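Visitor: Chains as they are written, first to last, in this note's numbering: chain A, 32 to 144; chain B, 20 to 938.
No lab work stands behind these hints: they were computed from the structure. Don't take each hint at face value.
[Claimed, not checked] Heads up, simulated SDA-like pairs for lysine to any residue below, C-alpha to C-alpha not over 20 Å straight-line:
1) A/K99 <-> B/Q52
2) A/K99 <-> B/D56
3) A/K99 <-> B/P242
4) B/K83 <-> A/G78
5) B/K243 <-> B/R230
6) B/K83 <-> A/F108
7) B/K83 <-> A/R89
What you are looking at is a predicted structure, and each value in this text was computed from that prediction instead of being measured.
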Amino acid sequence: MTGQAQLLPGTLDLLILKAVSLGPLHGYGILLRIEQVSRRALLIEQGALYPALFRLVRQGLLTASWGKSDNNRRAKFYDLTPEGRKRLRQEASDWNRLVAAMTSVLGTQPEEV
Amino acid sequence: MKFLASLRSLCSSLFHRKHIDSEMDEEMRLHIQNRADDLERSGFSRVDAERRARIEFGGVERFKEEVRETRWETHLDSLFRDFRYALRSLRKDRRFVGVAVFALALGIGASTVVFSVFYNLLFNAFAAKDAGRLVVPVIEDSETSGEAYSLWTSWADLKYLRERNHVFEDVIGFRTVRSIVQDGARMFQFDGAWVTADAFEFYGVPAFLGRGIVSEDGEAGAPKVFVLSYGTWKAEFGADPSIVGKSFVVNGEPRTLVGVMPQKFRALDPWKELFAPARWNPDAEKNEGSKFRLLARVKRGVTFAAASAEFDVLAKQLAAMHPKDDDYPKKFSARVVGANDYLMGPSGAGTVFNSKIQLKSILYDLLAAVLVLLLIACSNVANLLLARATAREKELAVRAALGASRRQIIWQLLTESLVLAMTACTAGCALAWVAMKAVDGAIHQKTWAGMSGEAAVGLNGPVLMFAGVVTLMTTLICGSAPALNATRRDLQAQLAGNGKGTGDGFRHGKVRAGLVIGQVALSIVLLIGAGLMMRSLHLLTHIDLGFNPKNILAAGFAPARSIDQMPDRAFIASPEGHARFERVVEKIRELPGVVSVAVDNTFPGYGPSNGPKVTVPGGTRVEMAGLDECDENCADTLGIRIVAGRWLSRDEVVTRQWATVLNQKLAHDMFGDENPVGKQLKVKDFDRWQNELQRSFRMKPEQIAPDATFEIVGVAGDVKNAGPQQPAMPMAFIPPMITGDFIVQVRTKVDPGLMMHTVQQAVWDVDRNEVFWIFDPLSEVLDQHTYATPEFGVTLSGPLAGIALLLVVIGVFSVMAYTVSLRTQEIGVRMALGAQRGEILRMVLRHGMVLIAAGICIGVLASFGLTRFLKSQIWGVSATDPWTFGAVAALVVITGLAACLLPARRAASVDPLVGLRYE
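All chains should be built: construct the whole structure from the sequences, respecting the hints.
Guide: Shown next, in the form of structure tokens:
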């Protein structure tokens with residue numbers, strides 16, 4: 032499992048929101064998309080996806096509806112609500128700020144201080 | 020909408036839990052299948068792929084549980100489950116539940132009753148609307164720094180106050196008018212209040228029958244009306260509703276009775292029996308007696324401090340307008356006092372003859388006491404729960420082993436405590452309801468100094484809220500220790516143990532012992548407090564007053580034309596007045612049931628506190644002494660002891676000779692141990708004391724020099740003439756030659772209350788214009804002013820102490836019984852090895868007594884520190900009275916011993932064989 036990073040707590044929600052924002056997906060699809068987009072760099076405990084999805088639906092950030100998947104199986108599809116979209120923007124910008132700050136801190140050279 | 024949606028989601032998730040679960044199952048199953056498909060495509064066999072997919076996914080149940088936990092309905096759901104489980108497991112253990120609920124119900128019930136008394140007497144004492152903003156304007160002489168007294172103003176000044184202030188919603192006035200009410204041939208005298216016509220609307224309590232007084236009643240030309248108090252209506256008119264609307268003659272003019280006020284309408288003045296609207300009358304303005312006492316309501320949002328500041332300014336303006344009025348001292352400050360504070364405080368009705376024991380501090384004591392009681396009940400139940408938790412160790416261990424988290428187990432145990440506490444709360448409230456009826460009845464049975472008489476002690480909103488809070492607190496106090504304890508231990512050991520808790524840790528036993536010790540200590544504090552109050556009341560009611568107040572009816576009367584004032588002295592002193600007075604006294608003396616009648620000029624026992632300076636002719640010692648004008652029957656009728664010589668003779672009284680009887684204090688002060696009989700007493704400036712009333716006193720003996728010399732004919736025992744708790748002041752009894760004010764003291768064979776009607780009628784047979792300005796059984800006056808408050812403290816603290824003792828017995832008993840059952844095996848071994856039953860008995864008793872003794876020591880030490888807070892509420896007994904302390908300790912030892920005895924006997928009767936096999 033080298034090359035794979037453990038998720039920071041709280042980042043799973045953001046990843047799900049981002050994945051779903053690219054188009055409605057079912058649970059397994061979300062997993063695949065995150066793996067694909069992150070080039071398998073992020074490790075997600077598969078089962079943990081569902082409590083997170085459930086929570087996001089309860090918070091009104093996602094909607095869920097039953098439909099047919101590519102392989103003609105029944106599946107529950109998740110889509111972003113307008114509120115979810117707003118939250119995604121917000122959290123993404125927060126994240127970017129955090130990353131920028133962290134990067135600048137970690138990149139500090141001795142002579143810069 | 021959002022609310023509706025969440026409600027719908029709550030319903031659907033509560034009722035369609037299965038549906039949601041299966042949907043979740045389906046979703047996860049599909050996920051695993053999809054994954055397996057992918058894995059199969061990458062080369063795994065179908066079986067391998069599915070296995071792998073499941074492993075990768077992780078525990079389906081765990082995630083499902085996690086999903087469930089994200090929903091708050093789940094908590095509700097698990098709460099219901101916990102409740103159901105608690106009920107089930109409690110039902111299995113009825114005896115435990117019975118004892119625990121009983122103890123808690125006593126605790127919660129008692130605290131609810133006491134809180135109700137506390138809250139309703141202190142913060143909800145008036146039935147008036149917005150009673151919290153009712154204030155009494157008071158004024159305080161800055162020079163004497165005496166007590167603040169209620170300001171009395173004329174009608175015009177009242178109007179001035181009303182118009183100029185910005186802080187009061189309204190100000191009303193009322194004044195006392197002794198009223199003669201005639202109903203055909205029947206005649207009554209009532210204590211009446213003449214009120215400004217808007218007073219009843221201001222007060223805002225609706226009439227019980229008919230209507231109250233309304234503003235229109237005060238207008239010129241309006242029909243004349245009056246209103247009766249409930250008590251008077253019931254006592255004098257047999258609670259006959261048809262009298263409303265009837266016309267009576269009140270003080271010589273016809274008035275219609277328009278209504279009866281409810282029982283709890285007493286605040287204008289607790290003693291008033293009749294109310295009528297006052298009308299402005301320019302003549303009355305000049306009359307001192309027509310001044311009004313004030314009651315005001317502060318505007319919403321105005322603080323008492325702001326109201327006080329403005330009232331101070333207004334009162335000073337009024338004072339400047341009436342430079343000669345003695346209601347306004349030269350330098351004074353004025354302020355407003357909350358109505359209940361006024362009533363209960365030292366400035367209120369409670370000042371006269373007060374026992375100086377304040378209701379307010381007693382209420383605080385009681386609240387503290389009942390919280391201690393509650394703590395005892397809680398520790399009792401905590402102990403029971405601990406014992407139960409030990410017995411359930413194995414059950415809990417199994418639950419933990421099956422995956423119950425520590426939090427879940429704690430919740431479960433707390434839920435059990437909550438169920439217990441809620442049951443106890445219901446039972447306690449029922450108990451409290453019954454007790455409150457009794458307390459409420461007792462409080463309103465008689466009128467007290469210092470109490471509005473309007474408070475309704477009952478289960479009202481704040482009281483119920485208190486009971487609820489207490490229940491939650493109890494749950495936490497009782498439940499948390501056992502719950503934490505139960506989850507702190509080693510699973511392995513518990514599962515391996517026999518589940519009966521024989522491996523019961525040393526620490527665990529210590530907690531229980533500590534709780535018992537604490538209980539005993541707390542109960543000691545409570546019992547000592549109650550004991551001190553009881554002893555104090557006993558001493559207070561057994562003070563030797565120097566006279567016998569039983570069966571004495573005190574009556575002072577005056578002709579009706581001086582209806583608002585003290586007796587018309589000029590008339591009484593005139594020959595015809597005197598003759599009439601004699602006739603009245605004779606008439607009373609002849610009544611059946613009257614033992615004797617005496618006449619003097621003070622209320623017995625509260626004699627003149629200051630008087631002229633007296634000395635011995637040729638002597639140097641000068642002292643102030645009170646002078647009481649008595650007739651020849653005073654000593655016999657009032658039960659005053661003669662210590663030396665004799666009492667005044669009839670001849671000396673009738674012809675007003677210079678004869679006197681000293682009280683012991685004065686005799687001792689003046690003559691030491693010598694017998695003063697036959698010696699003389701000089702009263703300095705006697706004529707000045709006399710002269711003040713010279714105008715009216717026409718029958719005085721020949722004018723003499725300023726100093727008067729009296730022949731001492733006897734010495735009388737000291738009468739408590741400065742209040743029952745004070746030492747007697749020097750006093751001399753002389754024939755009537757100073758004031759002309761007389762009170763008739765009637766000693767009756769029966770309860771003087773029963774004689775009141777007869778005596779009144781006898782007086783009115785002689786003169787229908789006679790008005791009583793004092794007319795009361797003496798013992799009742801003493802009761803209301805001196806004994807009622809401490810008695811109240813004892814009536815409430817006594818039962819509290821009793822309950823505390825009962826709880827301690829339960830606590831000691833249950834712990835001892837439990838300890839014995841834990842040690843059955845050990846006892847069996849001991850007996851098998853030859854221990855005698857007596858030794859076993861002693862062993863168990865010793866164990867119990869060690870706990871009790873430790874508790875007593877701590878309790879007594881704590882009491883030494885705590886009882887000083889009681890100092891102001893007890894009289895005549897030290898706050899660390901060794902007798903009370905000793906008696907309480909002995910009581911607790913005896914009851915504790917009794918509580919240990921039964922378990923000890925059970926231990927001693929253990930059959931060694933059974934004991935050895937005991938599991």
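Visitor: Verify the proposed pairing of B/K243 with B/R230, using a straight-line Cα cut of 20 Å.
Guide: Holds, at about 14 Å.
Visitor: If you draw a straight line from the CA of B/K83 to the CA of A/F108, is it 20 Å or shorter?
Guide: Measuring from Cα to Cα gives roughly 18 Å; hence the hint holds.
Visitor: Holds or violated: A/K99 with B/Q52, Cα cutoff 20 Å?
Guide: 14 Å, holds
Visitor: Below or equal to 20 Å on CA atoms is what counts here, so check B/K83 against A/G78.
Guide: Judged against 20 Å, a Cα distance of about 9 Å means the pair holds.
Visitor: Is B/K83 close enough to A/R89, meaning Cα to Cα at most 20 Å?
Guide: At roughly 15 Å apart (the allowed maximum being 20 Å), A/R89 and B/K83 satisfy the hint.
Visitor: Does B/D56 sit within 20 Å of A/K99, going by the straight-line distance between their CA atoms?
Guide: The hint holds at about 16 Å.
Visitor: Is A/K99 within 20 Å of B/P242, Cα to Cα?
Guide: 91 Å, violated
Of the numbered hints listed earlier, the single one contradicted by the structure is hint 3.
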